[in-house]
Amino acid sequence: MKTAAALVMVALAGCANNPYRSATYEQLDAVKVTNQNCNRIDHHVTFLEEQLRMKGLSTAEPERLNDADRKYNATVRSMIWSLRIGCNNPDRYQS
Amino acid sequence: MKRALIVGLVLISSTALADCYTRSNIRIARQVIDAGPTDVQRLVVPDARGHKCVVRYRVNIGGDWQTAEGSAVATTEAEACARALDITRGTVLAEIEPTTIRADMQMVCSDLPDIRVRPVRIGETIWESETDLHSIPQERKYFWYKRTKCRLFQERDPRDRNLIVYQGVVCQADGTPNSKWRVIDKF
Numbered sequence: 002m003k004t005a006a007a008l009v010m011v012a013l014a015g016c017a018n019n020p021y022r023s024a025t026y027e028q029l030d031a032v033k034v035t036n037q038n039c040n041r042i043d044h045h046v047t048f049l050e051e052q053l054r055m056k057g058l059s060t061a062e063p064e065r066l067n068d069a070d071r072k073y074n075a076t077v078r079s080m081i082w083s084l085r086i087g088c089n090n091p092d093r094y095q096s
Numbered sequence: 528m529k530r531a532l533i534v535g536l537v538l539i540s541s542t543a544l545a546d547c548y549t550r551s552n553i554r555i556a557r558q559v560i561d562a563g564p565t566d567v568q569r570l571v572v573p574d575a576r577g578h579k580c581v582v583r584y585r586v587n588i589g590g591d592w593q594t595a596e597g598s599a600v601a602t603t604e605a606e607a608c609a610r611a612l613d614i615t616r617g618t619v620l621a622e623i624e625p626t627t628i629r630a631d632m633q634m635v636c637s638d639l640p641d642i643r644v645r646p647v648r649i650g651e652t653i654w655e656s657e658t659d660l661h662s663i664p665q666e667r668k669y670f671w672y673k674r675t676k677c678r679l680f681q682e683r684d685p686r687d688r689n690l691i692v693y694q695g696v697v698c699q700a701d702g703t704p705n706s707k708w709r710v711i712d713k714f
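From first to last, the protein sequence lines are chains A and B. In terms of our numbering, the first sequence has 28 at position 27, counting the first letter as 1, and numbering is strictly consecutive. In terms of our numbering, the second sequence has 668 at position 141, counting the first letter as 1, and numbering is strictly consecutive.
Worth double-checking, as some hints may not be accurate.
Unchecked claim - Lysine-lysine pairs mimicking DSS-like chemistry, simulated, CA-CA at most 27 Å apart:
(1) B:668 - A:33
(2) A:33 - B:707
(3) B:707 - B:668
(4) B:579 - B:673
(5) A:33 - A:72
(6) A:56 - A:72
(7) B:707 - B:676
(8) A:56 - A:33
(9) B:668 - A:72
Hints listed in this document are in silico derivations from the structure and should not be mistaken for laboratory results.
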């Protein structure tokens with residue numbers, strides 16, 4: 002979460018144009034997030050929430066998930082909160 | 528006779544529920560505090576000089592939540608409680624094992640809720656110190672989300688010889704300074 006001060010989702014940019022395409026764990030895990038694209042936060046969060054929905058993880062309780070789903074769920078939700086925290090609290094990661 | 532029995536049972540059950548600590552000589556002011564004071568509970572009683580306020584609260588010292596206590600007397604209730612919450616007056620309350628009780632121990636027992644770290648679920652309303660701080664110091668800071676004060680937390684779940692570490696987000700349930708917190712997400 003620390004590296005995710007806020008976000009350029011370069012790797013996801015292509016996927017985001019097609020909201021029905023599901024991203025794999027490997028694709029999402031490779032995404033680098035920085036603070037350059039906070040003006041598109043709603044777009045990115047919507048895309049990530051859609052990924053959870055397509056996997057049936059919108060209201061997931063992590064204790065009930067298998068390893069693969071738990072990793073996927075944690076990765077996507079970490080990205081969502083990185084966007085929300087980093088973009089709305091610009092001083093958070095400044096030393 | 529029947530009434531006496533009922534009263535007796537009620538007293539026994541309330542005594543059994545009361546949580547007891549000993550007053551330690553660990554001054555909070557001499558500790559490195561990672562978070563808090565939070566989850567403040569207070570008891571105000573009349574005093575010859577005005578009001579006596581005893582506050583019990585939680586502070587995170589070295590990554591562990593501890594229960595602490597402070598007290599002060601002042602002419603007004605607000606002043607007494609503000610002074611009691613001054614952490615330079617606070618001491619850590621140490622939990623006691625029944626087998627270690629000695630006659631010279633000064634015990635503090637009360638029916639105030641006993642707050643401790645536990646597994647939480649999304650949507651639950653909790654005390655802030657029922658969740659552990661994040662292991663990364665930079666992630667322990669409060670942040671704002673939808674005009675609400677929030678923080679990340681971590682929860683450790685030892686399962687099948689593995690340690691699963693969840694992260695989550697808790698936000699203050701309302702805008703008041705000492706409100707409870709709601710579990711917004713956990714993953």
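Each hint, compared with the structure:
For the hint linking residue 668 of chain B to residue 33 of chain A, the alpha-carbon distance of about 22 Å falls within 27 Å, and the restraint holds. Simply put, residue 33 of chain A and residue 707 of chain B have alpha-carbon atoms about 35 Å apart, too far for the 27 Å limit, and the pair is violated. A hinted pair counts as satisfied when its Cα atoms are at most 27 Å apart, and residue 707 of chain B with residue 668 of chain B qualifies at roughly 17 Å. Taking the CA atoms of residue 579 of chain B and residue 673 of chain B, the gap is near 38 Å; set against the 27 Å cutoff, the hint is violated.
Among the hinted pairs, residue 33 of chain A with residue 72 of chain A is consistent with the structure: their alpha-carbon atoms are about 17 Å apart, no more than 27 Å. Pair hint residue 56 of chain A plus residue 72 of chain A holds up; C-alpha atoms about 12 Å apart against a cutoff of 27 Å. Simply put, residue 707 of chain B and residue 676 of chain B have alpha-carbon atoms about 11 Å apart, close enough for the 27 Å limit, and the pair holds. The straight-line distance between the Cα atoms of residue 56 of chain A and residue 33 of chain A is roughly 22 Å, inside the 27 Å bound, and the hint therefore holds.
About 25 Å separates the Cα atoms of residue 668 of chain B and residue 72 of chain A, which keeps this hinted pair within 27 Å; it holds.
In terms of the numbered hints stated before, the structure departs from hints 2, 4, listed from lowest to highest.
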